[in-house]
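With my numbering applied, the sequence shown has no gaps in its numbers, which climb one by one up to 109 at the end.
Note that these hints are calculated values from the structure, not bench results. Wrong hints could be hidden among the right ones.
[What the hints assert, rightly or not] Below, a list of computed lysine-lysine pairs in the DSSO-like style, where the Cα atoms sit at most 27 Å apart:
#1 30 to 50
#2 8 to 30
#3 29 to 8
#4 29 to 47
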Amino acid sequence: MRQALLGKADRSVGGSDAILVVDDTALPKKGNNSVGVAPQYATTLGKTAKCQTLASLTLARGGVTVAVGLALSLPETWTANPDRIARASVPEDRRATRTQLESAVAEID
């Protein structure tokens, strides 16, 4: 399904003049149960706060944008706790600590 959606995005917005926008996103959180929540730098707040951090990919052309990827970056406080990460059902291939840049590159790949 993901491949079909990416193909449709490419047909709609892709082309030699399209731009792939890579951005970081921080989602402030108050609880402890959302996957990846930890005190970390939140660009949207301009400070360290309890949040989830994600790398987002958007394809843009001629004023039209289409979201094509979003990857959660897990902080070491999560990846260093195998029981917690297993209880949260994080897929095996997503259990390594990644920076937002590493998450974005993996999403592009």
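Verification of the hints:
Between residue 30 and residue 50, the direct Cα distance comes to roughly 7 Å. Compliance with the 27 Å bound is thereby established for this hinted pair. Simply put, residue 8 and residue 30 have alpha-carbon atoms about 37 Å apart, too far for the 27 Å limit, and the pair is violated. In summary, the hint linking residue 29 to residue 8 is not supported, as the alpha carbons are separated by about 33 Å, beyond the 27 Å threshold. Only pairs whose Cα atoms come within 27 Å are accepted, and residue 29 paired with residue 47 is accepted, the gap being roughly 14 Å.
Checked against the numbered hints given earlier, this structure breaks hints 2 and 3; the rest are met.
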